[in-house]
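Novice: Each protein sequence line maps, in turn, to chains A and B. Its first residue numbered 2, the first sequence is counted upward by one per residue in the working numbering. Its first residue numbered 2, the second sequence is counted upward by one per residue in the working numbering.
Since the hints were made in silico from the structure, they are not lab data. Positions of the beta carbon are idealized from the N, C-alpha and C atoms, including for glycine. Treat each hint with caution, since some may be false.
Facing chain A, a subset of chain B residues (Cβ under 7 Å, in silico) [what the hints assert, rightly or not]:
1) Leu103
2) Asp105
3) Leu603
4) His645
5) Gly706
6) Thr747
7) Ser762
8) Phe769
Each computed EDC-like pair below joins lysine to aspartate or glutamate, with the alpha-carbon atoms no more than 16 Å apart [claimed, not checked]:
9) Lys774(B) with Glu165(A)
10) Lys620(B) with Glu165(A)
11) Lys741(B) with Asp294(A)
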Amino acid sequence: MLSASDILTYLVFPGGLFAVLFGLLLLGFERIAVARFQGRVGPPLLQNVFDAFKLRGKEVLIPKDATNKIFFCIAPVLGFVGMMAAISILPISGVYGGTGANSDLIVLIYLLALPAVSNVMGGSASGSTYSAISVSREVVLMFAYEITFIIVLFTVALNAGAGEGAVFSLKGIVDYQVVNGSFIADPKMIPAFLGFVIFLLATLEVPPFHIAENSADVMSGYLMEYSGMPLALFEMTHALKLLVLITVLQIFFMPGVAGDSIIFNLFWYLVKSVGIVAVISLIHASLASFRVDQALKFLMTVPIALSLVSLFLVIFA
Amino acid sequence: MDVTALDGNMALVQGHSSEIIHLLSTAILIYCGVKALYHKELRKVLIYAFVGMVVDARTLLDLGSSQAVPAFLSQIFVFSISIGMMYLAVKAISAKTGSDNLDDLQGIGRVMPKVAIPLGAGLFAMMGMPPFATFFSKLLMVSAFIDSGKIVSSLIQGGAEILYFLVFLRVLKIIFLRQYEGEARTDCSNAVLVPLYVLLVFNIIGGVFPAVAIKPFVGLAKMFGAVSVDVPLFNLSWPLPVLCLSVGALIVYFYGRKSNKVAGLMASGFCVLSMLFLTVTDRSGVGNYGIGFAILILFMGALQFFYSVSYMDHSHKQYRFYTFFMLMIAGLLGVSLTGDLFSMFFFWEVMSGWVLYLALVHEEDDFSIQEASKYFLFNYLGAVFLTIGVLVMYKISGSWAYEGIVENFSYTQPAAIGIAMLSLGFLMKAAQLPFRIDFQMHPKPAPTPISGYISSTMLKSGPFMMVKIFFIGAAGYSATSFLPLETIMYVSAWIGALTIVMAASFAMLTNSMKRLLIYHTVSQLGYVVVGCALMTSFGLAGGLLHFANHMFFKNLLFLCAGAVFISTSTDRMDELGGLAKKMPVTFFCFMIGVFAISGVPLFSGFVSKWMIYHAVMDKGFVGIAVLSLFGSVLTLASFIKFMHSAYLGQIQEKVENAKEASWYMLAPMLILTALCVLLGIFPSIALVPINSMLSEFNLQPLSVGVNTVTHGADSLNMLYLTVILLLGCAMVVAAYFMMKTKTRSTHVYACGAGDLTAKDSHVASDNFYEDSKGFIKGTVKFIKKISGMKGGYVER
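Go ahead and model the full structure; you've got the sequences and the hints to work with.
Specialist: In structure tokens:
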């Protein structure tokens, strides 16, 4: 059952406070990195933390046209709690083993869908036409990228099972790789890795998939009518989602440890995370966005094909 | 010429002549069928049908087996009774109206019900449906074929039956369902009616007491010189709750005419009463598995009737609707509560036969009739396969009771065919592979309570029986002969997985509320089929948990759609919008239903899906696992479309006068909502009974805690997850109150445009997901093309 240490992991580390702060810092880092790649100065590293604090005290505007105001207000909470729960079940190799129960790929996939559901619900309830359009786009993308995620997930589970069924436990996947070497070094898994990176970009809505909340054509989409604390919640959800996905990437493909010391391993985890964000920002800075139909076509072909290649290699080789 | 050559020649001549007779009778059969299908004069239609069916029964004599003679005699006799009854009825009608042309008789059944009822009963009897004597004689005939090992011939026979089924269905539609547009008429005098009803009573007695219908013909066959006659012994068992509900149906018919409210509450009460009778029923061959299903059947029935009290208020002749609905539930109850294959099939035919048809055409408009007839036809086709399967199972084991079948079961080629036929029939009931949804699924225009009931509960009879049959098959397994069953299961699981994605994709395209829910029923039944077809303890437990969960959330969604339909009188999603403002409670229930069906943690669908995925991967079926997980995404996507275009967005014209549903409707909805949440957090409520069912199937029970499910190294602790998620919510709420945040109401930003109407700024369901829809439509077109068809997805 739930013990004090469970609550602590949920509220402080590696979930809760640590995750929110680290996630917001990563977002700030990403903004700086993108700015530098584009030859701008960019905001300070702590900008997103400041934003969250500032928004917290601001007045909340609730649209008169919102169809259901209660729904409008609780929508952001759904995504936030989903991500908080997701980060607490994810193991960090050499640091934290994850919770015993619920620490499993299927739970993860359903929790990871919650932020999108929350965006969709909030945007839809706000009554704005722009939000409605962005809701439609969000779901179109979700439709496409989830297939990749599902296939990669089964590929990883099967590969970690090493021919004897699938391993669904996140801890089991990490442990297997710590003993047998990371999957990123496994040639069979390279296509799946690429597929997963594309999935990651799409679900984070980083260019080339900055479509649903694009400020240029749908006025930040589902976020448009949000202000004050709900907006801060969305920001934090986004930060947590970034961190969750990066951690999942590490669990799936590079959970290598840097020794037996927890401190070193934690440091190694942070370094890996920053490194991944740096790569994401490079992609962010160098690519333009797709139109939604182009994105759908791309997502329905390239990453799915890549992940299927890996799946077949894992099953038949 | 010597004697042997002569004998040889004679044999040759006889062989040729029997072949010629066979060809000739086939030609007559088809000719009479087609003639009867297009003929205008009702009496001639009946005569053609009679001749055709007698010629059809004649093929029995070619078999020369001991069963053939009594089967032939009983067929001829019950045909004569039924056709005679109908002929007399038609004569009486035409004496009154002066014509027996079908064009003049449109809707005549409505104005002359007393004389038309025997005619209608005769039509159903000729279709071979219970409770008429023809049901048994038809079974006897198929049994004679199967006894001689002619499974293919019996299938062809089934094809001929379908032709004649169409003949009778056409007459039925014209006489009873068309609107009457003639002068006022009085019914026939009692003197005319007496012989008709005597024949009807004969027919029904023969249909309820199989011994009466069959024994005399066995004796007769012996008189004709048959040496030993070995016909299958039909023993019909009537469990007490079924009897209670059937009697209740008749009581509602006669005493429920006063008002809709009385009838509805009475029907609901009878469901509860039958539930009490469950405690004293005979459990042999039924077990916890059957009893558990029966409890759910009656519970859902009670909710449905309570809901109908308000829903059916606008309708007409509600007592009639309740009666047929209750009889259908009684049939379903019979399927779950009988311990032998024969009674199961009898009640199966009650459930999906004419009773269902008459309940589905309740609204009596053209669209209802057309769609219900299609479904009726499809059910009939499914029953053809089941008839053969059931009789093959009897043939190889010599017993009707499930326990007897298990004991004497051995793997032979006919056994594999029998199991395949039964699986096919049960999969058809569950509408797997929605190729033509208008045939395969219950029709959209039927009243919502019955649509919800069929979707959530009645269709479960398919997977329910499939599991039973698989385990009978597994009981007779030996190392060498397990292969066919394994293949049938594997194919079934694949059919389930394909169905999940196919139906959910179609749900993305559709624009009608009910059609969307119907597609999702098929899709979710796919999960149940996948889980159950694995036949591992985890898979079966997951499948059965989903079986129960799906009842609650799917019925909930149907009831919400019904509430919307009542207050806006439209089924099209693009005419709706902004309902959440007018009907907040319905919206709340709907959202819980959506979360449950798409498997959001904390709600019921999640646990069962989690179990199914794990079980699938245990077996190593990666393709099935990927497809079924993807189906979940599609489910969520199509319900987001529903949510936005109907409940959220701007208030549309049709919605302006919408009102919240009445308490009669809200109460069942809220009960189901509570169940969706409760089962999501404490799956053990359902899993503990399921565990006891697993041991009935000789499977290892699961390790289940109050709120945990454990599978090998992985475990799911729903309470833990719930506490964590609620803790997050509590934190946010606390922060909100600590901040004392000010709020202000503003208008949404519309780029300065001030003259937008609600219609302009609403994104309707048509405009949702253009790109995904394009992709799905393209895929449909492509698949149709490679299978040789033209066109793309058609909204039916």
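Novice: State for each hint whether it applies.
Specialist: Status of each hint after checking the structure:
1. Annotation: Leu103(B) was flagged as interfacial toward chain A, and the flag is violated, the nearest CB pair being 51 Å apart, outside 7 Å.
2. For Asp105(B), the shortest C-beta to C-beta distance to chain A is roughly 55 Å, which exceeds 7 Å, and the interface hint is violated.
3. Of the supplied interface hints, the one on Leu603(B) is violated, with its beta-carbon coming no nearer than about 10 Å to a beta-carbon of chain A, more than 7 Å.
4. The restraint placing His645(B) at the interface with chain A holds, with a minimum CB-CB distance near 4 Å, inside the 7 Å limit.
5. At a threshold of 7 Å, the smallest CB-CB gap from Gly706(B) to chain A is about 10 Å, leaving the interface hint violated.
6. Here the hint on Thr747(B) is kept, as its CB sits about 5 Å from the closest CB of chain A, short of 7 Å.
7. The interface hint given for Ser762(B) is met, as the beta carbon of that residue sits about 4 Å from the closest beta carbon of chain A, less than 7 Å.
8. Below 7 Å, beta-carbon pairs count as interface contacts, and Phe769(B) has one with chain A at about 5 Å; its hint therefore holds.
9. Taking the CA atoms of Lys774(B) and Glu165(A), the gap is near 39 Å; set against the 16 Å cutoff, the hint is violated.
10. A distance of roughly 10 Å separates the Cα atoms of Lys620(B) and Glu165(A); the hinted pair therefore holds under the 16 Å criterion.
11. The straight-line distance between the Cα atoms of Lys741(B) and Asp294(A) is roughly 44 Å, outside the 16 Å bound, and the hint therefore fails.
The structure fails to meet hints 1, 2, 3, 5, 9, 11 from the earlier list, while all remaining hints are met.
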